[in-house]
Amino acid sequence: MPKLYMLTEHSLFMMSFVFITDRDTAVVIDGGNPEDMPHLFEMIGERKIAAWILTHPHFDHISGFVQEIEHGKLAERIERIYYNFPSAEFVKSCEPEIEPCSILDFNRILPDIKEKCTIVQPGMLAEVDGLEIEFLFCGEERFRYPKPNLAVNESSIVFRVTADGMKSVLFLGDSGPEGGRALLHECGDRLKSDIVQMSHHGHSGVTEEVYQCIAPKICLWCAPEWLWEEEDIEFEPELWGTKHQRKWMDDMGVTHYVTKDGTQMIPILKEEKI
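Residue numbers for the sequence shown follow the working numbering, so the first one is 175 and each next one is one higher.
Be a bit skeptical, because a hint or two may be false.
[What the hints assert, rightly or not] Result set (EDC-like, lysine to aspartate or glutamate): computed pairs, CA atoms no more than 16 Å apart in a straight line:
#  : residue 1 : residue 2
1  : K444      : D338
2  : K288      : E250
3  : K266      : E314
4  : K421      : E404
5  : K321      : E408
6  : K391      : E308
7  : K421      : D435
8  : K447      : D368
9  : K366      : E308
10 : K421      : E445
11 : K417      : E403
12 : K444      : D368
13 : K366      : E382
14 : K177      : D196
15 : K222      : E250
16 : K177      : D303
17 : K421      : E446
18 : K391      : D406
19 : K222      : D303
20 : K421      : E382
21 : K177      : E446
22 : K290      : E253
23 : K391      : E446
24 : K321      : E269
25 : K266      : E253
26 : K290      : D338
27 : K434      : E403
28 : K288      : E253
29 : K421      : D406
30 : K434      : E399
31 : K321      : E410
32 : K417      : E404
[As the list claims (entries may be wrong)] For each label pair, taking beta carbons as the anchor points, the in silico distance ranges come out as:
#  : residue 1 : residue 2 : range
33 : K434      : P212      : 18 to 24 Å
34 : E216      : K290      : 19 to 25 Å
35 : E445      : E360      : 17 to 23 Å
36 : H245      : Q438      : 37 to 43 Å
37 : D406      : L284      : 37 to 43 Å
Calculated from the structure, these hints are not laboratory results. Note that CB positions come from ideal geometry on N, CA and C, so glycine has one too.
Please put together the full structure from these sequences, using the hints given.
Listed below in structure tokens is the structure:
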């Protein structure tokens, strides 16, 4: 049966998940920063990487992947790469001070991986060594306003991973309030899942209504200690701190898995107790 690992950070913050499939191949989600790559490859071992899914082009999600493609033989190990990124022009116009680098670096390596890439669209299904990956939503370039500093987060793809005998796992990337509202409108009850990855590391992400619709039993937090203890405040309208969002989920009676506690195997089999 498949396994899911949520990897702890070896950098300030990041997001990295690894599925091990029934065929003993790996499916990687994001991967984090360059400092996080040694631990990621320790978890993967010598396995073939059947798929690598990139949620959006922020450094804490794709910079490690970019560096390994550029400096190593990672491309040879990967069968398919799934993503849907906004243009470099869009990224630079929204986040000129902090974010031109990741998308430009990705575009620089794109010729080396282009034949392996699939640009996903809503409704697309991918069967990867026994895992079914359903791409539900693509933020793309739709949500520049009213908060352009969130536009790249809002470009995140949203997808669900399932398999026979396995709980459903929904990945939100770094989706924010605007993307969350569109996700609710476009997907509605189809969002319901057993496990959810908390968007944007569990702070300043989608609104409470999205999580209520998902109705998870398990929440996955890519949150180091400093972020897990973030204050219970609203930084801007609809952008809540981690402790506030923790209360949302506690009120729903979920079980938390948090990267501050180290790398963890998540109980994804239907017969496994939480």
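Right, here's what the structure says about each hint:
no.	hint	in the structure
1	K444 / D338	holds (9 Å)
2	K288 / E250	holds (12 Å)
3	K266 / E314	holds (14 Å)
4	K421 / E404	holds (12 Å)
5	K321 / E408	holds (15 Å)
6	K391 / E308	violated (20 Å)
7	K421 / D435	violated (19 Å)
8	K447 / D368	holds (12 Å)
9	K366 / E308	holds (13 Å)
10	K421 / E445	violated (27 Å)
11	K417 / E403	holds (6 Å)
12	K444 / D368	holds (10 Å)
13	K366 / E382	holds (14 Å)
14	K177 / D196	holds (8 Å)
15	K222 / E250	holds (9 Å)
16	K177 / D303	holds (13 Å)
17	K421 / E446	violated (25 Å)
18	K391 / D406	violated (22 Å)
19	K222 / D303	holds (11 Å)
20	K421 / E382	holds (10 Å)
21	K177 / E446	holds (12 Å)
22	K290 / E253	holds (6 Å)
23	K391 / E446	holds (12 Å)
24	K321 / E269	holds (11 Å)
25	K266 / E253	violated (30 Å)
26	K290 / D338	violated (27 Å)
27	K434 / E403	holds (10 Å)
28	K288 / E253	holds (12 Å)
29	K421 / D406	holds (9 Å)
30	K434 / E399	holds (5 Å)
31	K321 / E410	holds (10 Å)
32	K417 / E404	holds (6 Å)
33	K434 / P212: 18 to 24 Å	holds (19 Å)
34	E216 / K290: 19 to 25 Å	holds (23 Å)
35	E445 / E360: 17 to 23 Å	violated (33 Å)
36	H245 / Q438: 37 to 43 Å	violated (29 Å)
37	D406 / L284: 37 to 43 Å	holds (42 Å)
Comparing the model with each earlier hint shows violations of hints 6, 7, 10, 17, 18, 25, 26, 35 and 36; every other hint is respected.
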